[in-house]
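Colleague: Please build the complex by placing chain B on the supplied structure of chain A, with the hints as guidance.
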Amino acid sequence: MYSSIIQELLNGITLSAVYVAIALGLTITYGILKILHIAHAGVYLWGAYIGYIAYVYTGSVILSLIFGALGAALIGVAIERVFYIPALDSPPHITLIISIALFTLLSELAAKTFGYHPKGFTIHWPIYSWTIGGVVINSMQIFFLAVVYSASIGVWLWATKTRMGLASRALIQDIETAKSMGVNVNRLIDINFLVGSALAGLSGVLVGMYYTIIWPHMGDVVAYKGLVVIVLGGFGSIIGAIVGGLILGISESYLIAYFGNILPRDAFAFLIMIIILILRPQGLFGRSE
Amino acid sequence: MPLLKVEKVTVYYGKIRALHNVSLEVNQGEVVAVIGRNGAGKTTLLKSIMGLVELATGKISFQEEDITPKPPWERAYKGIGYVPEGRRLFPYLTVYENLLMGAYTIKDKEIVKKNMERVFRLFPRLKERQKQLAKTLSGGEGEMLAIGRGLMLNAKLLMMDEPSFGLAPIIIEDVYKTIEKLKSEGITILLVEQNAKKALEVADKCYVLDQGEIVYAADAETAAKDPAIKRLYLGA
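Quick mapping for you: the protein sequence lines, in order, are chains A and B.
Under the numbering used here, the residues of the first sequence are numbered 1 to 289, in order.
Under the numbering used here, the residues of the second sequence are numbered 1 to 236, in order.
Next comes chain A alone, as it looks inside the complex (with noise of 0.2 angstroms):
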C-alpha cells in the first residue's frame, strides 16, 4: 500500500513534468501579448517530429533534443511575428481563433509530411530498471525528468531572476513605460517566444523518447492540459504554472489508480479544474482584481 502511493507520486511527477513545461511556454507568451497561444502545443508537436528526424539522422541524442528545441524555438517565434504581431490590436476571440486554427493547421501539416501513423522513438540508449522499497524506476525516467525539470527550473530562473526577466515582467504590466525606459520590446516579445518554444520543443522530444512514440496528434491533449494548467495557477502567474502543473499530474495520477475506472482519465483534469475554480476563483495565484 506504502509502496504504491509513493509510486504514484513519482508516475505523477513524471506526467506532470510536461505539464510543467508546457505550461511555463504558455505563461510566458499569454503574459507577454495577452493571446491564448493554442499554438503552443503544435510547436510541442513539431518539436518532437523535429527532434525524431535528427534522431533518425545523427543518432544523437543530444542533437536530438538540441534541433527539437531549436526547430520548435523558430516555428514558436515565426508564429509570434506573422500571425500575432499584426492581430495584436484585434478583439481576444480573433486572435484565440487564429491560434486554434494555427493548432490545427500545424497537426495537419504533421500528418500530411510524416503520415498519419504514429512513428517509434526508439533511442539506443540501454535502460536500466531499480526496484527500492516496491517503488520501480528505470534510467530514461531519470533522464527524462531531470532534462524536463532542470531547463524549467532554467526558464523560471530566467524568468524571476535576470535582468531581461525583468524587463518582460515590466513590459507585460505596462509596455509603453517599458518602452520609455529602453526596453526594445520587439525584441524582447521575440526572446520570449522563443524561450517558452524552445521549452515545448524540447518537452516534445523527450516525451516521444520516454514513451518512444510520437503521433500527429500528440499535441491534443496538451493543449487542453496546458490551459488547464494556467486556469488553475492564475494566469501570467509563473509559480502558478509550476505548482499548478505539479497539482494536475500528482492528483491525476492518484484518482487514475484509485478511480480509474470510474471516469476516463482526461476527464479528471477538468474536475481538478472545476473544484479548484469553485474555491479559487482567480486560480491558486491569481490576483484578485
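Just so you know, these hints were derived from the structure itself, not from any lab.
Idealized CB from N, CA, C, for every residue including glycine.
Incorrect hints may have been included.
[As the list claims (entries may be wrong)] The following residues of chain A were derived to be distant from chain B, with all beta-carbon distances above 10 angstroms:
(1) S90
(2) G115
(3) I213
(4) A267
(5) I276
[Unchecked claim] Taking lysine-lysine pairs in the DSS-like style, the calculated list, with each CA pair at most 30 angstroms apart, reads:
(6) B/K127 / A/K161
(7) B/K109 / A/K161
(8) A/K161 / B/K107
Modeller: Here is chain B on its own, set in the frame of chain A:
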C-alpha cells in the same frame, strides 16, 4: 545650441489633430515649463519627444542629432528620462525593481548602484520601502518613485508630465522642492503642467499650449507677470 529641439511637429490621433506645428527648444541646464489646459496636447508633446506617438510632420533633435526615426528605447539610451502622466509605475514590481527598470539602459552595475544610492538620498522613503510592491505606495511616494525612476538612467533631459497630478497640496510642495533641487544640480528639465503657478515658480522658460498649438512663449518671469497668462492660467 539647444539640447532638445522640436521643430514644426504635427501629430494626429486618427482624424483628430493633437499637435499642430509645435516648435520649442530646451537648452542645457534649463527648466522649461509647458503649461496648458487639460487636452491641450501636453502629454502628446512629451510622448512625441519620447517616440511613443508617430509624427505626421516635423522633426525632433536631441544633442543636435535627428532622433525622429528612432524608436523610444533608443531615445532612452540617448539619456532622455521620462516621468509619465499618472506615474505609470510597474504595480507588481517592487520599488527596488521599478528603479532598476529606470536604469535599464545602463549595463555597468556600479553606476546603477551609485544612481540608486543617489535616488535613495533624494527620497529616503523609497529606501525604507524598497521591498514593497509599487502598487502599495501612497500618491506622494508613487510620484517620488516615478521621478526617481526617471533619474536612474543618468538623464541628460528629464521630462515630467504633470508631477502634481492627483496629489494633496502639501505633497505638491514636496515634489516641487525636489524639482528645485534637481534644477540646482544642473539637470535639464522639460516640465508639463496644468498647475501653471507651481510650474512658473520653478521654470526658466515657459510655453503655453492651447488646442495643440504653441500660443505663447516667454521667459517664466515675464509670463508670470503677463496679464493674459495671469487671467487664463494663474486664476488671478
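Colleague: For this structure, which hints from the list above don't hold up?
Modeller: Per hint list: zero violations.
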